[in-house]
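Chains as they are written, first to last, in my numbering: chain L, 1 to 393; chain U, 1 to 393; chain E, 1 to 371; chain C, 1 to 371.
Any given hint could be a false lead.
Listed below are the simulated EDC-like cross-link pairs for lysine to aspartate or glutamate, each with C-alpha atoms no more than 20 Å apart in a straight line [said to hold, decoys possible]:
| no. | chain 1 | residue 1 | chain 2 | residue 2 |
| --- | --- | --- | --- | --- |
| 1 | L | 74 | C | 2 |
| 2 | L | 302 | C | 2 |
| 3 | L | 305 | C | 2 |
| 4 | U | 302 | E | 293 |
| 5 | U | 141 | U | 220 |
| 6 | U | 305 | E | 297 |
| 7 | L | 302 | C | 331 |
Over 10 Å on every C-beta distance to chain L, these chain C residues come out as not near it, computed from the model [said to hold, decoys possible]:
| no. | residue |
| --- | --- |
| 8 | 17 |
| 9 | 218 |
| 10 | 304 |
Because the hints were derived from the structure by calculation, they are not lab data. It should be emphasised that the depicted structure is a prediction, and the values quoted were computed from it without experimental measurement. The C-beta atom is built at its ideal place from N, Cα and C for all residues, glycine as well.
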Amino acid sequence: MDLAFTPEEQDFRAEVREWVRSHLPSEIAHKVHNALRLTREDMQGWAKILGKKGWLGYGWPQEFGGPGWNAVQKHLFEEECALAGAPRIVPFGPVMVAPVIMAFGTPEQQERFLPGIASGEVWWSQGYSEPGAGSDLASLKTRAERVGDKYIVNGQKTWTTLGQHGDWMFNLVRTSSEGKPQTGISFLLLDMKSPGVTVRPIKLLDGECEVNEVFFDNVEVPADQLIGEENKGWTYAKHLLAHERTNIADVNRAKRELERLKRIARTEGVWDDLRFRDQIALLEVDIVALEMLVLRVLSAEKSGKNPLDIAGLLKIRGSEIQQRYTELMMLAAGPFSLPFVQEAMDAGWQGDFPGGVVANAPLAASYFNMRKTTIYGGSNEVQRNIVAQTVLG
Amino acid sequence: MDLAFTPEEQDFRAEVREWVRSHLPSEIAHKVHNALRLTREDMQGWAKILGKKGWLGYGWPQEFGGPGWNAVQKHLFEEECALAGAPRIVPFGPVMVAPVIMAFGTPEQQERFLPGIASGEVWWSQGYSEPGAGSDLASLKTRAERVGDKYIVNGQKTWTTLGQHGDWMFNLVRTSSEGKPQTGISFLLLDMKSPGVTVRPIKLLDGECEVNEVFFDNVEVPADQLIGEENKGWTYAKHLLAHERTNIADVNRAKRELERLKRIARTEGVWDDLRFRDQIALLEVDIVALEMLVLRVLSAEKSGKNPLDIAGLLKIRGSEIQQRYTELMMLAAGPFSLPFVQEAMDAGWQGDFPGGVVANAPLAASYFNMRKTTIYGGSNEVQRNIVAQTVLG
Amino acid sequence: MDFDFSDGQQQLREAVRRWVDRGYGFERRRSIAAAGGFDRSAWNELAELGLTALTVPEAHGGLGQGAVDAMVTLEELGRGIVLEPLAQAFIAARVLADCAPEAVQADWLSRIASGEALVVLAHQERRARYRLDVCDTQATATPEGHALKGAKSLVPAGDEADAFLVPVLLDGKIALFLVERKAPGVGTQGYGTADGSRAAELRLDGAPATLLTQEGLAALELAVDVGIAATCAYAVGAMEQTLALTVDYMNQRKQFGVPIASFQALRHRVADMKMQLELARSMSYYASLKLGEPPAERRRALSRAKVQLGQSMRFIGQQSVQLHGGIGVTDEYAGSHYFKALTQLEMCFGDTLHHLGEVSARMEETAGVFA
Amino acid sequence: MDFDFSDGQQQLREAVRRWVDRGYGFERRRSIAAAGGFDRSAWNELAELGLTALTVPEAHGGLGQGAVDAMVTLEELGRGIVLEPLAQAFIAARVLADCAPEAVQADWLSRIASGEALVVLAHQERRARYRLDVCDTQATATPEGHALKGAKSLVPAGDEADAFLVPVLLDGKIALFLVERKAPGVGTQGYGTADGSRAAELRLDGAPATLLTQEGLAALELAVDVGIAATCAYAVGAMEQTLALTVDYMNQRKQFGVPIASFQALRHRVADMKMQLELARSMSYYASLKLGEPPAERRRALSRAKVQLGQSMRFIGQQSVQLHGGIGVTDEYAGSHYFKALTQLEMCFGDTLHHLGEVSARMEETAGVFA
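Please model the complete structure; the sequences and the hints are all you need to start from.
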């Protein structure tokens with residue numbers, strides 16, 4: 001048992017750090033470090049830089065052109081990206097749909113779709129949730145009817161994150177209403193520029209449009225965009241979920257944001273207020289404990305020994321911590337977090353921010369935005385159901 | 001709307017205060033103020049003093065020899081008793097069974113049982129819970145079979161508080177197994193000196209024997225000790241529960257114990273430790289808020305206007321606060337709360353208590369003991385079910 | 001000891017509620033927020049209902065009602081998360097009536113009562129955070145009276161107000177002044193805030209001002225305590241509506257074939273929300289009923305109340321969003337605006353940690369409403 | 001980065017677990033507690049298993065194992081809430097090996113390893129509470145060496161121990177001494193503690209003592225940090241068993257015709273207990289793995305660990321009792337003893353608030369295990 005990374009791992013980290021720091025555009029890092037708005041160009045720009053290096057699909061095996069890193073290497077890569085202020089990789093292409101295409105797609109599908117994902121050229125979106133199917137995803141109603149060599153898709157998806165930028169979309173659609181709800185679901189890839197696709201951004205409580213409704217009105221989808229077998233989509237989706245990894249805890253970002261919180265606390269004069277400082281200290285303990293939890297999972301993945309039943313805890317705890325640091329940042333600034341000046345959340349804004357510190361501009365909006373983290377990707381209530389099941393049977 | 005008590009109420013309070021302070025034996029008050037052990041004689045002694053004054057049945061209407069006080073007067077009486085350091089009135093006789101006898105007993109039963117309750121001569125116990133019937137009380141199994149003019153009782157009760165001192169016991173027993181579980185239950189009064197009754201004290205985690213198992217082996221109970229009709233006992237028990245009042249929040253005791261906590265914090269040197277002091281301050285806010293909640297319920301009872309749906313909150317919050325003040329007392333003394341010297345919890349002990357402050361002797365035991373408060377009398381989980389029902393339907 | 005509302009208070013509540021329901025629906029609120037967060041015509045409607053006059057003494061054209069009437073009113077405005085800061089009228093009425101020279105009272109109170117003048121407290125300074133005894137704005141004597149120099153932040157509806165109550169250092173001690181917005185040397189920069197209401201930065205550069213009292217700190221403390229009680233009352237209304245929206249949604253929304261209201265873990269969360277609401281309501285009553293006590297007792301009581309309300313607002317706001325799921329974080333849905341309002345209210349007049357510190361510092365041997 | 005246990009550690013764990021299961025059942029524990037809370041024969045059995053020798057350097061007859069082996073051992077002892085304070089052997093071994101003159105090491109370490117000598121830390125003073133830098137016991141020079149005067153409280157198994165490690169003021173600075181129990185001027189008063197284990201008051205009245213180091217505060221801090229790591233490990237075992245008991249009970253106990261494990265609100269509570277257990281286990285690893293770091297980093301890490309463990313212990317202990325209902329508060333049921341043990345452990349070597357203060361005081365710009 002050893003806390004330290006091996007010399008090889010430390011070399012790997014140094015190499016990644018060097019590369020990231022020299023290739024990440026400083027304007028983008030500045031935005032990330034200050035929670036300023038990222039444009040589509042920022043996000044895709046960084047994705048393409050990674051793509052050129054072959055690191056956008058950083059979790060991919062070598063046979064599909066990935067670097068073939070192990071769990072620890074992937075973690076170190078994520079950590080170096082987070083600490084350097086890189087935007088989070090939009091996961092829908094490289095992290096979510098790609099492993100499904102690799103595992104269940106035909107060679108033709110692999111050849112057709114994986115290069116655009118690996119290079120960052122094609123922006124993918126996720127079509128899972130529906131207005132009536134959130135935590136109860138299996139009750140989804142969007143229908144795909146097979147007509148000749150096409151599927152005709154009708155229905156609606158919602159909470160499609162960044163779907164306004166999407167080129168392609170992977171969808172769970174209902175192809176049969178027989179048997180259990182799970183059995184009639186298929187996994188379909190869909191060109192978002194197809195006639196009959198309408199994307200309607202949903203404005204969220206922070207004033208931003210991060211998610212969308214996507215409507216399908218007789219959208220024709222060639223049958224060769226079906227992954228695997230008809231009515232087996234639920235299995236593929238579960239495979240995908242099983243591959244969402246430790247990064248779900250987002251502990252690397254939490255470490256970066258804890259440092260930001262401390263900077264804010266100093267600026268706002270509460271760093272030396274014992275009462276407020278205790279809140280930061282508690283959060284610091286929470287983050288260290290979360291990091292140890294993540295490292296234990298990584299170690300078990302790396303060695304293949306001692307399988308652990310704790311991966312289910314990572315999303316719960318990680319999301320609570322995300323909410324907590326945004327809350328403390330807002331509370332640190334107190335009244336000076338309250339002015340809502342949307343332009344001030346853009347980099348380079350030159351106005352006078354009320355109270356005088358423009359770094360406070362995004363604090364309330366970030367707090368509002370982070371309420372989503374305990375809801376999406378399987379609400380924390382659903383996660384607790386799952387944990388309880390593993391403990392109680 | 002007015003926070004102040006009326007002049008009449010203030011006069012009433014002054015009268016009660018004067019009487020309680022002059023009649024409560026100082027040795028008993030000393031024990032209560034320092035959480036030392038109370039003997040049966042202490043508890044019954046005070047009950048008899050109250051009985052002589054006609055105040056043991058302080059919630060009784062005048063027609064049954066009670067003082068006929070309204071809700072506010074009862075509260076003021078309870079508060080003055082608590083602040084003076086009087087032992088809690090053991091509720092099973094005067095508060096719990098007496099109202100049932102008044103409402104559903106025959107005149108003969110009333111004449112036979114109420115005087116002994118009012119005077120404090122007869123100690124009553126409660127026979128509700130069974131090993132398999134706790135939160136799910138209706139599943140109780142103790143059987144009473146009618147044979148001639150007697151019931152033959154067989155079965156077992158448990159968690160019978162202070163049952164080792166009991167003279168009489170009121171019981172829920174099963175007289176029929178037909179229909180819903182609730183419908184076959186009867187309400188039976190039982191002389192604990194009857195042959196076939198065995199009381200076995202249960203040692204609790206604090207080392208004390210506050211509750212008992214009571215076994216019935218062919219116990220003969222004259223049929224004239226049945227209250228009301230056979231198989232209607234559940235109704236009477238519900239009547240009883242409906243008459244458990246605001247005192248369940250025990251806010252008066254909480255106020256007294258908060259003062260004790262502050263004394264302990266001073267002695268132990270944490271009164272000036274900002275971090276610990278904040279914990280006391282939060283508890284103080286909790287207690288004020290609980291008191292306001294209680295006063296709102298009392299006001300509504302007094303005026304009969306604005307019925308409130310908040311009585312269900314009192315037990316939850318009151319019990320949480322009881323647990324919290326015992327926890328903080330223990331934490332204030334820290335390591336010096338840990339020596340377990342049972343003799344030191346008796347008044348007048350002359351030994352050297354480790355660490356030097358004998359007032360610390362009962363702190364850990366009190367903390368342990370108070371874990372019961374969120375379990376008994378309908379666990380807080382059951383209470384939350386009930387509150388949710390009123391809110392959500 | 002009596003927590004019944006009088007018939008007059010019940011009628012007041014119903015009148016305000018009717019106006020909120022019919023006159024200040026969610027769409028109107030949304031358009032006011034979009035237009036900047038303050039609507040003079042809505043303010044005038046409040047005045048027409050007699051609400052700006054509610055706590056102004058009768059001698060100055062007001063209705064002479066007390067803190068409980070103000071509380072009832074604000075509970076109902078909170079239920080509709082009305083953006084216009086009526087609480088400021090209650091603050092100004094109390095502070096002017098208690099602390100200002102008779103001439104100033106005569107000059108301003110009737111205009112406040114009629115709704116003609118919006119007078120707001122402008123006390124927030126950058127360096128002070130929630131402290132009331134930290135002040136950098138300075139007053140100097142002039143031939144005509146005094147001139148002020150400095151800046152205040154987050155002044156409610158500051159660029160729409162007619163005058164400001166401003167705590168300022170005068171000879172090293174905090175005094176309270178009244179400054180008219182249209183006076184020379186007064187500048188404002190308005191903006192919307194997180195909950196959709198309006199605030200402004202106030203710059204004073206030699207602005208002429210009327211001295212209200214040299215005991216400015218005491219007056220400011222009184223103003224803030226009236227503000228805390230108002231915040232508590234408004235928050236109770238907002239929380240009550242938040243819980244009602246949540247309950248409605250949980251009974252409608254189905255997952256796994258049943259309403260989500262049937263899941264025990266969620267039901268217990270609702271029970272905890274109800275607990276927090278009723279503790280908050282109890283302490284809101286306490287806050288308003290303690291406003292007439294001597295300063296030391298009043299301040300301790302109001303800090304206690306704000307600690308409870310702060311905890312309740314955060315819990316109810318956050319849990320409401322969580323129990324709604326995705327819909328709870330959309331701008332379209334009213335619930336998210338209640339959450340934002342509750343978030344902002346926690347930081348009004350001192351947040352939970354700040355007031356916990358106040359409670360801790362003022363703690364005595366005894367506790368309880370009557371101890 | 002590797003959290004796998006070595007084969008040797010796995011075997012050690014199994015050996016200890018076997019002894020706890022077969023040799024230290026609940027009834028034996030109960031009778032030891034009833035007889036005073038310390039059993040020399042149980043201590044000897046631990047010695048026979050090689051556990052008292054585990055961390056003693058090989059040069060002194062020990063096994064020379066490290067902090068992770070100690071941790072594994074204590075997790076298993078915690079699972080059976082074993083009363084005999086093996087952690088004290090680990091403390092003594094580390095402190096003597098790191099800080100004592102060679103002659104003292106030669107004299108004591110082999111006897112500690114063999115189990116012949118029980119050497120315990122005696123540092124608690126009335127005035128110090130959890131502070132390590134407050135000390136009233138005094139040392140004076142004598143012709144033979146030093147003599148001590150003062151008193152220590154809550155010395156683990158104090159009236160059964162053979163010697164004490166005692167921090168004492170020498171020339172105004174804390175030094176660390178070794179005192180034998182049978183020396184003249186040494187008095188003990190033993191008693192049981194809340195969790196059933198044994199402690200004693202120690203009185204020193206001119207007791208002759210061996211100076212271990214004049215850097216007594218640093219040595220004491222090391223001793224306490226070893227003690228914290230030991231407490232964490234033992235607590236993890238105790239919490240794991242507490243959760244296991246709770247899960248068993250919930251699956252057996254029926255109410256309303258179904259196992260109480262079927263109620264969602266209770267299930268979520270169990271999920272939260274599991275969370276607290278695994279956070280605690282993670283931080284227990286962290287604590288043991290950081291014991292070899294330089295003092296500043298070591299102390300910050302150990303305080304962080306104790307904050308997490310303190311929260312976890314309280315939550316798991318309290319919730320376990322609650323989920324058991326009535327049976328959970330009986331002396332007869334093992335679960336209540338785990339609850340009491342967890343309660344006491346929180347107050348060992350500084351409670352949660354104390355260590356939160358330490359974390360706060362030592363907080364730097366960065367955070368994280370690797371930052």
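With d taken as the least Cβ-Cβ distance between residue 304(C) and chain L, does d exceed 10 Å?
violated, 5 Å
Would the pair residue 305(L) and residue 2(C) pass a check requiring their Cα atoms to be no farther apart than 20 Å?
holds, 11 Å
### Query
Are all C-beta atoms of chain L more than 10 Å from that of residue 17(C)?
holds, 16 Å
Pair hint residue 141(U) and residue 220(U), alpha-carbon separation not exceeding 20 Å: holds, 17 Å
Item to complete: Sort out whether residue 297(E) lies within 20 Å of residue 305(U), counting only the CA atoms.
Response: violated, 30 Å
Checklist entry - Is residue 74(L) close enough to residue 2(C), meaning Cα to Cα at most 20 Å? => result holds, 15 Å
- Query: Does the structure keep residue 302(L) and residue 331(C) at a Cα separation of 20 Å or less?
  - Reply: Outside the cut-off at roughly 45 Å; violated.
Is residue 302(U) within 20 Å of residue 293(E), Cα to Cα?
Status violated; Cα separation ~25 Å.
Compute the least Cβ-Cβ separation between residue 218(C) and chain L, then decide whether it is above 10 Å.
-> holds, 23 Å
Between the alpha carbons of residue 302(L) and residue 2(C), is the straight-line distance 20 Å or under? holds, 9 Å
Consistency note: the structure conflicts with the earlier hints numbered 4, 6, 7, 10.
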